[in-house]
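*Asks:* Same order as they appear, the protein sequences are chains W and D. Under numbering that gives the first Met the number 0, the residue at position 179 of the first sequence is numbered 178, and the numbers go up by one with no gaps. Under numbering that gives the first Met the number 0, the residue at position 272 of the second sequence is numbered 271, and the numbers go up by one with no gaps.
Heads up, some of the hints might be wrong.
If several chains are the same, the list does not tell them apart, and a pair holds so long as it fits within one copy or across any two.
In silico SDA-like pairs for lysine to any residue, Cα to Cα no more than 25 Å straight-line [unchecked claim]:
#, residue 1, residue 2
1, K312, P400
2, K406, S181
3, K289, R80
4, K312, P394
5, K312, T396
6, K412, A384
7, K312, L399
8, K84, L399
9, K232, R80
10, K289, R90
These are computed hints drawn from the structure, not numbers from a lab. Just so you know, these numbers come straight off a predicted model, no measurement behind them.
Protein chains: 2
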Amino acid sequence: MTAKKNAFYAQSGGVTAVINASACGVIQTARKHRDRIGKVYAGRNGIIGALTEDMIDTSRESARAIAALRHTPGGAFGSARYKLKGLDENRAEYQRLIEVFKAHNIGYFFYNGGGDSADTCYKVSQLSKTMGFPVQAIHIPKTVDNDLPVTDNCPGFGSVAKYVAVSTREAAMDVASMARTSTKVFVLEVMGRHAGWIAASAGLAGSGPNEPPHIILFPEVPFNQPAFLRRVKRSVADHEYCVVVVSEGARYRDGRFLADAGTTDAFGHKQLGGVAQVVAQLVRDALGFKFHYAIADYLQRSARHIASATDAKQAYAVGKSAVELALAGHNSIMTTIVRKSDRPYRWSIGEAPLSRVANREKMMPKRYIRADGFGITAACRRYLAPLVRGEDYPPYTDGLPDYVTLKNVPVAKKLRTKFVL
Amino acid sequence: MTAKKNAFYAQSGGVTAVINASACGVIQTARKHRDRIGKVYAGRNGIIGALTEDMIDTSRESARAIAALRHTPGGAFGSARYKLKGLDENRAEYQRLIEVFKAHNIGYFFYNGGGDSADTCYKVSQLSKTMGFPVQAIHIPKTVDNDLPVTDNCPGFGSVAKYVAVSTREAAMDVASMARTSTKVFVLEVMGRHAGWIAASAGLAGSGPNEPPHIILFPEVPFNQPAFLRRVKRSVADHEYCVVVVSEGARYRDGRFLADAGTTDAFGHKQLGGVAQVVAQLVRDALGFKFHYAIADYLQRSARHIASATDAKQAYAVGKSAVELALAGHNSIMTTIVRKSDRPYRWSIGEAPLSRVANREKMMPKRYIRADGFGITAACRRYLAPLVRGEDYPPYTDGLPDYVTLKNVPVAKKLRTKFVL
Numbered sequence: 000m001t002a003k004k005n006a007f008y009a010q011s012g013g014v015t016a017v018i019n020a021s022a023c024g025v026i027q028t029a030r031k032h033r034d035r036i037g038k039v040y041a042g043r044n045g046i047i048g049a050l051t052e053d054m055i056d057t058s059r060e061s062a063r064a065i066a067a068l069r070h071t072p073g074g075a076f077g078s079a080r081y082k083l084k085g086l087d088e089n090r091a092e093y094q095r096l097i098e099v100f101k102a103h104n105i106g107y108f109f110y111n112g113g114g115d116s117a118d119t120c121y122k123v124s125q126l127s128k129t130m131g132f133p134v135q136a137i138h139i140p141k142t143v144d145n146d147l148p149v150t151d152n153c154p155g156f157g158s159v160a161k162y163v164a165v166s167t168r169e170a171a172m173d174v175a176s177m178a179r180t181s182t183k184v185f186v187l188e189v190m191g192r193h194a195g196w197i198a199a200s201a202g203l204a205g206s207g208p209n210e211p212p213h214i215i216l217f218p219e220v221p222f223n224q225p226a227f228l229r230r231v232k233r234s235v236a237d238h239e240y241c242v243v244v245v246s247e248g249a250r251y252r253d254g255r256f257l258a259d260a261g262t263t264d265a266f267g268h269k270q271l272g273g274v275a276q277v278v279a280q281l282v283r284d285a286l287g288f289k290f291h292y293a294i295a296d297y298l299q300r301s302a303r304h305i306a307s308a309t310d311a312k313q314a315y316a317v318g319k320s321a322v323e324l325a326l327a328g329h330n331s332i333m334t335t336i337v338r339k340s341d342r343p344y345r346w347s348i349g350e351a352p353l354s355r356v357a358n359r360e361k362m363m364p365k366r367y368i369r370a371d372g373f374g375i376t377a378a379c380r381r382y383l384a385p386l387v388r389g390e391d392y393p394p395y396t397d398g399l400p401d402y403v404t405l406k407n408v409p410v411a412k413k414l415r416t417k418f419v420l
Numbered sequence: 000m001t002a003k004k005n006a007f008y009a010q011s012g013g014v015t016a017v018i019n020a021s022a023c024g025v026i027q028t029a030r031k032h033r034d035r036i037g038k039v040y041a042g043r044n045g046i047i048g049a050l051t052e053d054m055i056d057t058s059r060e061s062a063r064a065i066a067a068l069r070h071t072p073g074g075a076f077g078s079a080r081y082k083l084k085g086l087d088e089n090r091a092e093y094q095r096l097i098e099v100f101k102a103h104n105i106g107y108f109f110y111n112g113g114g115d116s117a118d119t120c121y122k123v124s125q126l127s128k129t130m131g132f133p134v135q136a137i138h139i140p141k142t143v144d145n146d147l148p149v150t151d152n153c154p155g156f157g158s159v160a161k162y163v164a165v166s167t168r169e170a171a172m173d174v175a176s177m178a179r180t181s182t183k184v185f186v187l188e189v190m191g192r193h194a195g196w197i198a199a200s201a202g203l204a205g206s207g208p209n210e211p212p213h214i215i216l217f218p219e220v221p222f223n224q225p226a227f228l229r230r231v232k233r234s235v236a237d238h239e240y241c242v243v244v245v246s247e248g249a250r251y252r253d254g255r256f257l258a259d260a261g262t263t264d265a266f267g268h269k270q271l272g273g274v275a276q277v278v279a280q281l282v283r284d285a286l287g288f289k290f291h292y293a294i295a296d297y298l299q300r301s302a303r304h305i306a307s308a309t310d311a312k313q314a315y316a317v318g319k320s321a322v323e324l325a326l327a328g329h330n331s332i333m334t335t336i337v338r339k340s341d342r343p344y345r346w347s348i349g350e351a352p353l354s355r356v357a358n359r360e361k362m363m364p365k366r367y368i369r370a371d372g373f374g375i376t377a378a379c380r381r382y383l384a385p386l387v388r389g390e391d392y393p394p395y396t397d398g399l400p401d402y403v404t405l406k407n408v409p410v411a412k413k414l415r416t417k418f419v420l
């Protein structure tokens, strides 16, 4: 039996509709093991909270508040975009972490994030070996981009996917009603700078190329302007309208993003407009159709009101299992989601060594993109469908979702030194 | 007792998340009065369907399909932006309407739309008097803009308001988590070219100027750039971030829309970017903050998945009552929503003569906008709160809402003449 240690938990990178469900899984599970885990300290703004000894004492939160995390979007303790450098480049950061962990008797390090965070977690997990400080570091997967390797899917993605599929279906019905005398082309811009997973999920809104979305523009498929315009024209001819879903990462053959089309405003400033606008402008200039465009931006990844029940459940499970695996003595792993079967959808929680996870991106397989490049295949549909399944509505008061804001009571500092990032 | 007549129903102008609930109210109620009302013929694309004798026989739809309209967004029969000219300017259109109504034994005209449609409905209601053809024309209110007079609120608005309030609350939690190391300013663009009702509804997301949205930009308040930038700066200083909700109709003192800021792209084309982008660019140029922006566009008015239960109920009721009032012999009226009390919220269905409705817009009262111009007052909150209350979730299959697409079987044409619009 090891001595009782405190745990450190932090959220990293872009937040999601369900990252707090993972926090809920970690904290509730830790509270069930008070004999082994003392308190859970949350880093304010990810690893920055550890480096600056700026931590939150989650034991000061009621059971009710912690339970409410399960249905609250955003990052309850603040997130951050901050990547630890390698040990050789910045030994000071690692020494500081050890100093903080020692001062607060931290033996468990739970890091909830995407690819960059997995790398940070991996580096922390090496502290035992390289710097002789015993800490078990477990990574809890999270990313709307769905691009972590090994795990079948990433918590956070299923809810964005559901939001995008539902919104596409709804907006398409609106456009279809108006097309005769008004808008004929509707463009929805979604996230996914490197991989087209989110754009692909819009494909669930319809059953094939004759149902909206009529066109999906993936980052994986170099933008073919003539083919695109032909397809828009045909869709309007056949259906009176055309719904286009475009990934923010859509790009030309030479790698340039469509969003960086080089337009400038009247003052000569580089255009900030997104890809939706570029695509809409192309259509207007070439075909003259009236258009509208929407940019979902943060709405898509914070839309807890339409979260996928599968996603919320998995987000909780990867947090819960991280604590259980830590208690079982594991270090330097990420909890994963393992798909057992498509229909019926069955999954379980697994684990992967962080050495296999860090700094690897999972791209969409080619076989998930239709041969014409503008839609998804049956295989992709089979993969995506269970991830958006089930509704998991938050409670409402007076018409608005009842999200929790924690007290976030700081842990008293024990070190006299300040750390400058 | 009048002889049995058929009814004409059509949808006009921009559609909403609940306009089909009104259609459902009309058709289900008409079906209960088969002794008086024969069939309900829906115009394909609003009044255009009547003019071109392009009608849909709703009696060919199952009771189940009609019931599903209650939870289906968009316009099930197609809508249109088309305004009848005055009788003196275009007598041919009115003669054609009479021709079509006579051919199909239509004695009831139900028109579901906003201000322009109320005008069309008013003109049709005058056919009895001016052209000696007996038809009872009843207008069913619908508009996300909430700008129809007499009625306390407009079906369609409550659901957009709920969408905007929920989305603002959610996105704000996302931004708050990221602000330390990433996005500090988030701008959400919402609809409302003339009136700030939709922008105002974002105010429900927080309880005052210290909670997001920190700034609302209304069309009613001339844009004061220095005051706006000071407020953004203060919000970031006080809260680390700033959430701005801007109406597409936000404008300068001289009446120019912010969205028409006169920017052009590299080819000299007029910029198509919306106001969100203009506002974000201002903030970047003046204060240098990292920002994100979202444009809700059609997503906001088609978001049946997060419809307000109050709104869905009222949308049904104004359709149902329109039929009942027609059967009671009324002509040239609009069904209205009458507020009896705020707390508890009580309402009933009333009626207003179309002569009092047509061509009048209801603007936001000044007392609904905070003295500083950047937020809503307690009076506004009291008005808006009940309209977003209650959830009315559609059924789901495999993670996606189960919206109905009708068969839309055409009514056989009886006229040999074609009408050119």
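*Asks:* Please go over all the hints and tell whether each is borne out by the structure.
*Replies:* Here's how the hints hold up against the structure:
no.	hint	verdict
1	K312 with P400	both (19 Å within a copy, 20 Å between copies)
2	K406 with S181	between (50 Å within a copy, 23 Å between copies)
3	K289 with R80	between (39 Å within a copy, 13 Å between copies)
4	K312 with P394	both (16 Å within a copy, 20 Å between copies)
5	K312 with T396	both (23 Å within a copy, 18 Å between copies)
6	K412 with A384	neither (47 Å within a copy, 43 Å between copies)
7	K312 with L399	both (22 Å within a copy, 18 Å between copies)
8	K84 with L399	neither (42 Å within a copy, 43 Å between copies)
9	K232 with R80	between (42 Å within a copy, 22 Å between copies)
10	K289 with R90	neither (58 Å within a copy, 30 Å between copies)
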